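Undergrad: Chains as they are written, first to last, in numbering that gives the first Met the number 0: chain A, 0 to 548; chain B, 0 to 400; chain C, 0 to 188.
Hints listed in this document are in silico derivations from the structure and should not be mistaken for laboratory results. On a predicted model such as this, the values are computed, not experimentally measured, just so you know. Built from N, CA and C at the ideal position, the CB exists for glycine as well. There's no promise every hint is true.
As the list claims (entries may be wrong) - Derived coverage of chain A by chain C (criterion: at least 3 residues anywhere in the stretch with Cβ under 8 Å from a Cβ of chain C; other residues may be distant):
(1) 42–49
(2) 205–219
(3) 530–537
As the list claims (entries may be wrong) - Here are a few chain B residues that face chain A, going by a calculated C-beta distance under 8 Å:
(4) L140
(5) G155
(6) I157
(7) R158
(8) A166
(9) R167
(10) G168
(11) P169
(12) R237
(13) E277
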Amino acid sequence: MALKHVNAVIVGAGAGGGVAAQQLAAGGLSVVLLERGKWYTASDCRKDDLRNQRTSVLGNNSGPDEERNPRVVVDLKGQERVVLPSQGAYSNNAACVGGGTFTYGAQAWRYQEKDFRMATTYGVPEGSTLRDWPISYAELEPYYERAEYEIGVSGDVSADPFHGPRRQPLPMPPLPVGREHGILKPAAQRLGLHPFDIPMLRNSVPYGGRPPCMQCRWCVGFACEVNAKCGTQNTAIPAALATGNCELRTGCMAREVLTDARGRATGVAYYDADDRLREQTADIVIVSSAAVESARLLLNSKSKMHPAGLGNRYDWVGRNLQGHTYTGAWGLFDFDTYDDIGPGASIAVCDYNHGNPGLIGGAMLANEFIRLPYQFVSAVPGGVPQWGRAHKDFMRQWYRRSIAIQGPTQEIPIAESRVEVDAKVKDFWGLPVARLSGGKHPKTMETSVRMAEKAEAWLKAAGAIRTWPKLAGKGTSGGQHQAGTCRMGDDPRVSVVDKYCRVHDHDNLYVIDGSVHVTNGGFNPVLTIMAIAYYAAERIVKSRKGRGV
Amino acid sequence: MTRKLLRGALPAAAALIVLALPAGSLYYEYNAGASCARCHEIRTHYDAWHASSHRDVTCGACHGEITTLDAGFHWGNLRRLVQHVRQGFADPVRLSTRDIPRLMERCRSCHRQEFAQWQSGAHSATYRRLFLDAQHNRQRLLMDDCLRCHGMHFEGGIRDLVAPLDARGPWRLLRPELADQPAIPCLSCHQVHREGELLPRAARQIEESAAKSAAKSAAKSAAKQELSRPSVGLFDRREQKHFSVELLPLPSMRDGTRALKISPDTRQALCYQCHAPEAGGLVGSGDDRTPVGVHEGLSCLGCHMKHGQQTRASCATCHPRLSNCGLDVEKMDTTFVSTASGHNIHFVKCADCHPKGIPRKREAGAKRGSPFTAETLRRGGNAEKTSSTEGAGFIPVRQPH
Amino acid sequence: MLDDGRYGLALGHVKIHSLRRRRFLRIAGTATACGALVSCGRQNTPWRFLTAAEGRTLAAICEQIVPTDQTPGAAWAGVVNFIDRQLMGPYRRQRDAYRTGLMEIDRASVSKFGKDFASLDAPQQTALLESLTGGAQRFFATAIAHTMQGYYGDPRHGGNRDAVSWRMLGVPVIPIRGRNRYEFPRQGA
Chain A
0 MALKHVNAVI
10 VGAGAGGGVA
20 AQQLAAGGLS
30 VVLLERGKWY
40 TASDCRKDDL
50 RNQRTSVLGN
60 NSGPDEERNP
70 RVVVDLKGQE
80 RVVLPSQGAY
90 SNNAACVGGG
100 TFTYGAQAWR
110 YQEKDFRMAT
120 TYGVPEGSTL
130 RDWPISYAEL
140 EPYYERAEYE
150 IGVSGDVSAD
160 PFHGPRRQPL
170 PMPPLPVGRE
180 HGILKPAAQR
190 LGLHPFDIPM
200 LRNSVPYGGR
210 PPCMQCRWCV
220 GFACEVNAKC
230 GTQNTAIPAA
240 LATGNCELRT
250 GCMAREVLTD
260 ARGRATGVAY
270 YDADDRLREQ
280 TADIVIVSSA
290 AVESARLLLN
300 SKSKMHPAGL
310 GNRYDWVGRN
320 LQGHTYTGAW
330 GLFDFDTYDD
340 IGPGASIAVC
350 DYNHGNPGLI
360 GGAMLANEFI
370 RLPYQFVSAV
380 PGGVPQWGRA
390 HKDFMRQWYR
400 RSIAIQGPTQ
410 EIPIAESRVE
420 VDAKVKDFWG
430 LPVARLSGGK
440 HPKTMETSVR
450 MAEKAEAWLK
460 AAGAIRTWPK
470 LAGKGTSGGQ
480 HQAGTCRMGD
490 DPRVSVVDKY
500 CRVHDHDNLY
510 VIDGSVHVTN
520 GGFNPVLTIM
530 AIAYYAAERI
540 VKSRKGRGV
Chain B
0 MTRKLLRGAL
10 PAAAALIVLA
20 LPAGSLYYEY
30 NAGASCARCH
40 EIRTHYDAWH
50 ASSHRDVTCG
60 ACHGEITTLD
70 AGFHWGNLRR
80 LVQHVRQGFA
90 DPVRLSTRDI
100 PRLMERCRSC
110 HRQEFAQWQS
120 GAHSATYRRL
130 FLDAQHNRQR
140 LLMDDCLRCH
150 GMHFEGGIRD
160 LVAPLDARGP
170 WRLLRPELAD
180 QPAIPCLSCH
190 QVHREGELLP
200 RAARQIEESA
210 AKSAAKSAAK
220 SAAKQELSRP
230 SVGLFDRREQ
240 KHFSVELLPL
250 PSMRDGTRAL
260 KISPDTRQAL
270 CYQCHAPEAG
280 GLVGSGDDRT
290 PVGVHEGLSC
300 LGCHMKHGQQ
310 TRASCATCHP
320 RLSNCGLDVE
330 KMDTTFVSTA
340 SGHNIHFVKC
350 ADCHPKGIPR
360 KREAGAKRGS
370 PFTAETLRRG
380 GNAEKTSSTE
390 GAGFIPVRQP
400 H
Chain C
0 MLDDGRYGLA
10 LGHVKIHSLR
20 RRRFLRIAGT
30 ATACGALVSC
40 GRQNTPWRFL
50 TAAEGRTLAA
60 ICEQIVPTDQ
70 TPGAAWAGVV
80 NFIDRQLMGP
90 YRRQRDAYRT
100 GLMEIDRASV
110 SKFGKDFASL
120 DAPQQTALLE
130 SLTGGAQRFF
140 ATAIAHTMQG
150 YYGDPRHGGN
160 RDAVSWRMLG
170 VPVIPIRGRN
180 RYEFPRQGA
């Protein structure tokens, strides 16, 4: 039986796809939202220190299925190996309704004005593909605001002098702060920095019919049992379904985007929850599967007309894969810093995002989410053994007396850091899997080391009696912050989508997720992904209206 | 030909299925449950049970007898057995939602008085009452966290229990058979598989040790047993297991910016798990009812009965006479008299009735009339010397060490 | 590469609910029920994957990784139980590593001290673990990670008995967290 033709089919119910579905459905379009994962609840994935999005030593709590979805990773030495979703190198985000927003820490950052003009601000370093965005902060500002109000953000950025102009304050006040905030704030001020309360997609007061955060210690990586974290699974997607115009199909693995002889997208072929191959035809196809899987889907959508995959005429699909190079520092104190009051991350400075002499970009620095006991195990500084009595003593003595500060160093994109489809390894459905390779630009590494120094200095100022840096490797990054693989640009020869997220050669095929980010800011990217989804979806609805839907 | 074959095969298959179903149950239960211990998954539970006060209650009494016609019971056992043999990983054995009524009956058959008290108290609320309360559901969306304290044994999330999950209703239980089942059963606060003495023997021991007051250590252990039975522990929905009350934390409370000294009675740790303050420990926040004001320092169990939570007779334990003001405490305007009162008995302060300041007590009267003397405290039954720094109203409770 | 027969077997039980398999399993169940009685008795090990001897060696290794001091160590905390249980599930790809790794450590112990690893005194055990090379060293690295997971992870997985490590660190075993208060109307009111 053929499936009913719809106006739009969206592949992926995460931050981008969820918002796009809601906007299109509210705009009167009929929408089918395909999601390869399940619609989990907090009860399906009970807080487990060893099985969550961040620590997946016993598996993931939010998909994808461990056995069905391998990837191939090529390391810096050129060695390739098959990895599973629970392994770090896999760069897993999530596969579930809500995507990464189901378990994220929910930091809700706007990129700064300079983040959209990196090439103009710093020039293009050798070996990089650094470019400006085709849109500016000012163009995106109204959509940032919509994301903040419609999805829900708490915090207070008024003390941050570095953020771009904004018309409205955040809709919710910050959460009550814990002990670390009290220790770090005066220290930052003594250093001449500008500390403030992190904006978060998290209720601090009842909002959107959901209660405020109860500040437990299981936050980042976990599903929220009180529904206080605002993800698309409890905001945009239910709203989309409530319009009656949107159908959500879970357990549906997209096989390829279908095109006709003229190159227009006609729909999506996918395997449904019973692994049957189905075809959903639509006027518009939107790919929102996050940077790795979106690129993989386009690359796997090969045809005579598009032998290298869709949107890939100039070989840009899958390139510029970037996440963030997270670096920072640990500090030990001679007094208790631990108070078991979540989420932990509460205070940030944006003094180092730009304007660092000799560096390109930088990072927002913030205290880390509450570290669970097992996460602290590998935090030991040099000189302390990894096992035995000394290690146990270290744990006992310092667990409650430590603070971590870290930040997402903005990465300088390189073409060699990329997603391809593997020639040999196939997934459960017989589709070629994603193959990740490449590394980082030297300037990224340089900046990340300097950010770690800044974090150490902050900890020292706060009275840490011992500090040590937490550095990152040179391998390609992706993970939850994965971005860049279908970059936005005006010139089709050096980009994949136009400034409205439309794939250059196909006027009804869109990519709406982190893939379109030209650069990824020195911030957690989710609010930008949501803002772009509002922005692109609004344009789609308007253009359809002109043609009388 | 095919028909003939079918005629023979169908009954054979049917017989096979009927026989196969109880195979798992047979395996587990032959030899009065001792074979349970053979299984690696069950061994620790079996050992704990075997050393517990409940060791004369057989496995089947709570987990279901082999003679049951409940196919689900046998299917579960069979599935576990098949997984076990195939070296797959089986879920740890635990009681399921549908085992609860049977278990409650079993508890009731011995612990009649406790059961009756529980039944007459607020903790015997049913699923219907807790989850279908229209007034509540209009004000607050039901969420998975509700199940942390209510229906903690429910297998599934709130999505599997109530529909619709919105503020409009009308709401219905997706498992209608649960409607009149208690959502906070005995197992919420008691673990059966817990090392402990058989009850009658324990009673004898206490008598003996009281007689031989010289045997101090024995008296101590008896007293500890008396203070909190080994079975007392919280069923943690997250871990899907019980945590003994001595492992549970007591909160650091504050009244505004003032650190509040709470009773050191460790049994309260169980109460605090559900009647909990919000993060930060502000007294009266969230579901907290830590006494502050005139009743500051009292343990929950100073006033509330263990199983029924009733407080009717509690005032007289500490207030043998009239209040400081010469009023009958049981008739003062507090929530003790009426829930409509603006003065919550947990939080009432002198200043609530004396907004202009607390009147100076008459010297002589104060000395004679104050209920808070060492003597009355002793008569209150929680006897131990109270140090002067702990102050009036601070009822010391003997702590297990 | 990802899947050998053994994993396929483990994968199979995920589908146990599917109708197609149900009938087969019932039959298989009957056939194996009796066999199980025999096989369990014969194995004579308290573990699911490990043999009794392997369990003893592993307990000694775990105890070296997180030793008993004023707080109980890995052995008391049930880390062997944790690892054994995970070897039936998330760790199943490391089964061979355990089988050969434990054997190699015992072999090294016998050749160096003339006794199996668990029978050595603690300083000898430490010395032996510090001197490991090659495959045995790689196995020990795995064992360290798994022991830490068992000792500092959630009690539900079979280790961290009575949340012993969390209490040692000063982490509330179950945090005290209130929600928004709601007063139920009195019944009948």
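Undergrad: All the hints need checking, so say for each whether the structure fits it.
TA: Each hint, compared with the structure:
{"no.": "1", "hint": "42–49", "verdict": "holds (count 3)"}
{"no.": "2", "hint": "205–219", "verdict": "holds (count 7)"}
{"no.": "3", "hint": "530–537", "verdict": "violated (count 0)"}
{"no.": "4", "hint": "L140", "verdict": "holds (6 Å)"}
{"no.": "5", "hint": "G155", "verdict": "holds (7 Å)"}
{"no.": "6", "hint": "I157", "verdict": "holds (7 Å)"}
{"no.": "7", "hint": "R158", "verdict": "holds (5 Å)"}
{"no.": "8", "hint": "A166", "verdict": "holds (6 Å)"}
{"no.": "9", "hint": "R167", "verdict": "violated (11 Å)"}
{"no.": "10", "hint": "G168", "verdict": "violated (14 Å)"}
{"no.": "11", "hint": "P169", "verdict": "violated (17 Å)"}
{"no.": "12", "hint": "R237", "verdict": "holds (5 Å)"}
{"no.": "13", "hint": "E277", "verdict": "holds (7 Å)"}
When held up to the earlier numbered hints, the structure conflicts with 3, 9, 10, 11 and fits the remainder.
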